[in-house]
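Visitor: So the chains spell out like this:
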Amino acid sequence: DGGITQSPKYLFRKEGQNVTLSCEQNLNHDAMYWYRQDPGQGLRLIYYSQIVNDFQKGDIAEGYSVSREKKESFPLTVTSAQKTPTAFYLCASSPYLLDRGFQPQHFGDGTRLSIL
Amino acid sequence: GIQVEQSPPDLILQEGANSTLRCNFSDSVNNLQWFHQNPWGQLINLFYIPSGTKQNGRLSATTVATERYSLLYISSSQTTDSGVYFCAVNAGGTSYGKLTFGQGTILTVHP
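Residue numbers (our numbering), protein chains in the order written: chain A, 1 to 116; chain B, 1 to 111.
Same shape as in the complex, but just chain B:
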């Protein structure tokens, strides 16, 4: 099946810093989603981005489908950005919409 690798595994920032999280995947995808899991375990949809670039406030994401990677940019980070960021992909075909998740990037933002 499709493999998803995220980097870095851990990231520690001071408030106000910018960061880039990366997601590499091993095959073509129909769907790519970025999620933020907060300390209470809630999984928050950030972006649905199988290709192209999207922005939402301080967050933006770019997926280059032909090169099989996606980037999540966080600018002017805040302590509330702390948590785990997951990339998840759907490979299409007979995968019936199921998502394959990466292992996540643990982000800690210090005041």
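Only chain A is shown next, with the shape it has when bound in the complex:
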């Protein structure tokens, strides 16, 4: 089945540690996105990528890094500079149509990250 796979589902990190969240899609979508959801809040954009080897900062990029070496993969690294104690990370993807632009986004099931 086509879809977006995020792993792991739960992750704990120690202060000062970097961790990487995985996001893989087999939908052949051009664009991929990372969002963060703080408890009781809506989602905010961290980074996005329209094409391979290109990515842009979103609204809350500080303390995060990404790469887009393959169309189907968009891993997110949470660095020691990121101080948010607990958050839910969601990855999304969308196709791009030349005549209609970016199409609806589809989301993975998320990774819940906590600091020990």
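Treat the hints with care, as some may be off.
Said to hold, decoys possible - Here are the computed distance ranges between Cβ atoms for each label pair:
no. : chain 1 : residue 1 : chain 2 : residue 2 : range
1   : B       : Ala17     : A       : Val52     : 23 to 29 Å
2   : A       : Ala81     : B       : Glu5      : 14 to 20 Å
3   : B       : Thr20     : A       : Asp54     : 37 to 43 Å
4   : B       : Asn45     : A       : Lys9      : 25 to 31 Å
5   : A       : Thr20     : B       : Gly16     : 44 to 50 Å
6   : B       : Thr53     : A       : Thr79     : 28 to 34 Å
Calculated from the structure, these hints are not laboratory results. Ideal Cβ positions, reconstructed from N, Cα and C, are used throughout, including at glycine.
Following the hints, complete the assembly by docking chain B onto the known chain A.
Guide: Frame of chain A, contents of chain B only:
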């Protein structure tokens, strides 16, 4: 950037009741999506509706782009409808498809 406001913030219903959720946005949009986030955190696509009206079973949505609002209707609500409903918009231009989310409406349906 574009602002998205959802109302009401909380809604409590008895099973079988109908409800209307509202989403106001501050600028013209290329894309508007409604999502349901279940208790496990999964974000489920309900509608892609930058304008017009769509229906899917007990749910329907209407977006009036010229007046910058969208409505989500839930009829004959069920306990499985509980969760958080998000409206998200893309403003087009240089926003490269990114979605700006509202704060959500928390729906609780009691049996």
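Visitor: Give a verdict on every hint.
Guide: Do the hints match the structure? See the list:
1. B:Ala17 with A:Val52: 23 to 29 Å: violated (48 Å)
2. A:Ala81 with B:Glu5: 14 to 20 Å: Violated, at about 32 Å.
3. B:Thr20 with A:Asp54: 37 to 43 Å: holds (41 Å)
4. B:Asn45 with A:Lys9: 25 to 31 Å: violated (20 Å)
5. A:Thr20 with B:Gly16: 44 to 50 Å: holds (46 Å)
6. B:Thr53 with A:Thr79: 28 to 34 Å: violated (45 Å)
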